[in-house]
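**Q** One letter stands for each residue in the lines below.
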Amino acid sequence: MKNKHSGHIYRSWKHVFVVIFFVSLPFLYTLLFAEYANIAAGVLAQDFSLSLLRIMVAYVFSAVIAWICAVLFYRGRAATISLPIFDVLQSFPTFAALPLAVHVWGVSDTTVVVFLVLTVVWPIFFSIISSLKLIRDDWQEAVEVFDLRGYQYFRKFLLPASLPGLITGSIIGLGEGWEALIATEMLVGTPRGLGKFFQTFADNATVTALGIFGFLLAVFVINKFVWLSMLEWSHEKMDQ
Amino acid sequence: MSAILTLDSVSKTFSQGERKGISVLKDISLEIKEHEFFILVGPSGSGKSTLLRIMSGLEREYTGSVVLAPGYNKRDMSFVFQQFALLPWLTVYENIELGLLSRVASEHERAEIVNKELAQFGLERFARSYPKELSGGMRQRVGLARSLAVSPKILFMDEPFSELDSFTAEELRGELLNIWRERGLTVIMVTHIVEEAIELADRIAVFTPRPARVERIYENTLSRPRNRRAEQFFDLADKLYATIKP
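Chains A and B are the protein sequences, given in the same order.
If you count the first sequence from 1, position 53 lands on 53 in our numbering, and the numbers rise without skipping.
If you count the second sequence from 1, position 213 lands on 213 in our numbering, and the numbers rise without skipping.
Since the hints were made in silico from the structure, they are not lab data.
Owing to the predicted nature of the structure, the values given are computational and were not obtained by experimental measurement.
Just to be clear, a hint being listed does not mean it is correct.
[Said to hold, decoys possible] If you anchor each label on the Cβ, the simulated ranges turn out as follows:
| id | chain 1 | residue 1 | chain 2 | residue 2 | range |
| --- | --- | --- | --- | --- | --- |
| 1 | A | 152 | B | 59 | 19 to 25 Å |
| 2 | A | 235 | B | 20 | 35 to 41 Å |
| 3 | B | 13 | A | 235 | 16 to 22 Å |
| 4 | B | 60 | A | 213 | 56 to 62 Å |
| 5 | B | 167 | A | 134 | 29 to 35 Å |
| 6 | A | 24 | B | 74 | 57 to 63 Å |
| 7 | A | 17 | B | 112 | 45 to 51 Å |
| 8 | A | 68 | B | 238 | 55 to 61 Å |
| 9 | A | 81 | B | 219 | 48 to 54 Å |
[Claimed, not checked] Straight-line alpha carbon distances no greater than 30 Å define the calculated DSSO-like cross-link-like pairs of lysine-lysine that follow:
| id | chain 1 | residue 1 | chain 2 | residue 2 |
| --- | --- | --- | --- | --- |
| 10 | B | 153 | B | 33 |
| 11 | B | 153 | A | 237 |
| 12 | B | 74 | B | 153 |
| 13 | A | 133 | B | 20 |
| 14 | B | 116 | B | 74 |
| 15 | A | 224 | A | 133 |
| 16 | B | 153 | B | 26 |
| 17 | A | 133 | A | 14 |
| 18 | B | 239 | B | 20 |
| 19 | A | 224 | B | 132 |
| 20 | A | 237 | B | 245 |
| 21 | B | 239 | B | 74 |
| 22 | B | 74 | B | 26 |
| 23 | B | 132 | A | 133 |
| 24 | A | 133 | B | 74 |
| 25 | A | 196 | A | 237 |
| 26 | A | 224 | A | 237 |
| 27 | A | 224 | A | 14 |
We treat Cβ as the ideally placed atom computed from N, Cα and C, and that holds for glycine.
With the rest of the complex left out, here is chain A:
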């Protein structure tokens, strides 16, 4: 632990190697797995990246919508009226509307993304709300006295105050999102993607199991290196 300066992300060479190892692990695994299951590694990678792209697009929409709604409805009369409504909407059985959506948008990325947004948006929304509820009255008063507004109000106050909720909500939302993604892809019958992949190997338990393991590996790496470090960082900042 020579580099104990706060600016350093990596604490030692060992740390650097462990990070490199874990980041490359999903790629190595994909190669070996493709070899074993006798599929072209490129095809597998394509299926995975296509699904990843869908969930990322859906996530960006969800985060923006959730953040705006949370900011609009977190306090006062707006909260009293709207939160029970959102609570009911959250329980809306999304998949019941799937056939209708396919009817409207066809077997398309739009259908998949819209359904993902409907799943991912809720945990993010409610987590941001709970973050914003932690805003102390005197912080709000300080912001009023010191006349913070517009962009500065967003940057110096609302965004930092909502960040822990945004991150926690993103972790939960994406967790649910991956599940919804594969289900939606299968039900809609998209020609490519992870849903398609697992459907292709419906009769092969070994490939399915190894596929799920590889998938978990990728999610683990993303969580460990992106979300959990962000979560830690945001809690550090919010600490009073």
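Given the structure of chain A, go ahead and fit chain B onto it with the hints provided.
**A** Just chain B now, kept in the frame of chain A:
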């Protein structure tokens, strides 16, 4: 001295929540004079903080009138909070800069003002620190620096020293008196500590609770610096205590 802030029969009754229908303030009329150090003293829960918030414009639900003297506006007012109200995700520097963001466009000018306040309160070394890394006394110094950075003419203070240990509070009271004199401020402060009120104020309004009324206003003519062991100090304290608990 002319009046800077005039209150005419200010009353407040809670309109919602658990305390709905309870009258907190009843018929309060006051005149705050320019450049004076005015203190509202009374027991906890007597509504003094609510009155301070009404005077500063933070609380808008009340009846009666609060009028600023011509030539003054909302931007001439600033506020020091009991629990400092520093934003934990901003550094000391950024917290002090907060009120300047909407008032001073040039970043260079802002930096000049912030650095001046950092120096005034001996906070230069902590500019890049976060509030949680500071002691209570240092945090309230940041709170003071932030409120003074906007060059207020009227400074509202809500029990600013009650969260601090007595040594730190003593030190900060001294600094506050100097700043009040040097910058020609009008200070309106709330406290529940009678001795603190006598040490600082020109005039002391004594509050009695439920609903709060101004029982009496005492002129404090003791010469400064005030000696807490002087006989006149005790005399005035006795009068104040007697008014609070008749």
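**Q** Indicate, hint by hint, whether the structure satisfies it.
**A** Structure-based check of all given hints:
One distance hint, 19 to 25 Å for the beta-carbon pair residue 152 of chain A and residue 59 of chain B, holds here, with the actual separation near 24 Å. Restraint check, residue 235 of chain A to residue 20 of chain B: a C-beta distance of roughly 37 Å satisfies the suggested window 35 to 41 Å. Range check, residue 13 of chain B to residue 235 of chain A: about 41 Å between beta-carbon atoms, so the 16 to 22 Å window is missed. In this structure, residue 60 of chain B and residue 213 of chain A meet the distance hint of 56 to 62 Å, their C-beta atoms being roughly 60 Å apart.
In this structure the supplied range 29 to 35 Å holds for residue 167 of chain B paired with residue 134 of chain A, their Cβ-Cβ distance being about 32 Å. About 59 Å separates the C-beta atoms of residue 24 of chain A and residue 74 of chain B, a value consistent with the hinted range of 57 to 63 Å. The supplied range of 45 to 51 Å is met by residue 17 of chain A and residue 112 of chain B, whose beta-carbon atoms lie about 48 Å from each other. Distance hint check: the CB atoms of residue 68 of chain A and residue 238 of chain B are about 59 Å apart, consistent with the given range 55 to 61 Å.
A hinted range of 48 to 54 Å for the beta carbons of residue 81 of chain A and residue 219 of chain B is consistent with their spacing of about 51 Å. Proximity of residue 153 of chain B to residue 33 of chain B is assessed by CA-CA distance (about 12 Å); at most 30 Å being required, the pair is judged to hold. For the hint pairing residue 153 of chain B with residue 237 of chain A, the CA-to-CA distance comes to about 33 Å; that exceeds 30 Å, so the pair is violated. For the proposed pair residue 74 of chain B and residue 153 of chain B, the alpha carbon gap of about 10 Å is at most 30 Å, so the pair holds.
Distance hint between residue 133 of chain A and residue 20 of chain B is fulfilled; the C-alpha atoms sit about 22 Å from each other, no more than 30 Å. As the CA atoms of residue 116 of chain B and residue 74 of chain B are separated by approximately 23 Å, the hinted pair is consistent with the 30 Å bound. For the given pair, residue 224 of chain A sits about 27 Å from residue 133 of chain A by alpha-carbon distance, which is consistent with the 30 Å threshold. Distance restraint check for residue 153 of chain B and residue 26 of chain B: the Cα-Cα separation of roughly 27 Å lies within the 30 Å cut-off, and the hinted pair is therefore satisfied.
Under the criterion of a C-alpha separation no larger than 30 Å, the hint pairing residue 133 of chain A with residue 14 of chain A is inconsistent with the structure, at around 41 Å. Under the criterion of a C-alpha separation no larger than 30 Å, the hint pairing residue 239 of chain B with residue 20 of chain B is inconsistent with the structure, at around 34 Å. A C-alpha spacing of about 27 Å is found between residue 224 of chain A and residue 132 of chain B, which places the hinted pair at or below 30 Å, so the restraint holds. As the CA atoms of residue 237 of chain A and residue 245 of chain B are separated by approximately 46 Å, the hinted pair breaks the 30 Å bound.
The straight-line distance between the Cα atoms of residue 239 of chain B and residue 74 of chain B is roughly 35 Å, outside the 30 Å bound, and the hint therefore fails. Distance hint between residue 74 of chain B and residue 26 of chain B is fulfilled; the C-alpha atoms sit about 24 Å from each other, no more than 30 Å. This hinted pair checks out: residue 132 of chain B and residue 133 of chain A have alpha carbons roughly 20 Å apart, not beyond 30 Å. Straight-line distance between C-alpha atoms of residue 133 of chain A and residue 74 of chain B comes to about 28 Å, which keeps the hinted pair within the 30 Å bound.
A threshold of 30 Å between alpha carbons decides the hint, and for residue 196 of chain A with residue 237 of chain A the separation of about 42 Å lies outside it, so the pair is violated. With a C-alpha separation of about 19 Å, the suggested pairing of residue 224 of chain A with residue 237 of chain A holds against the 30 Å cut-off. With a CA separation close to 17 Å, the supplied pair residue 224 of chain A and residue 14 of chain A stays within the 30 Å bound.
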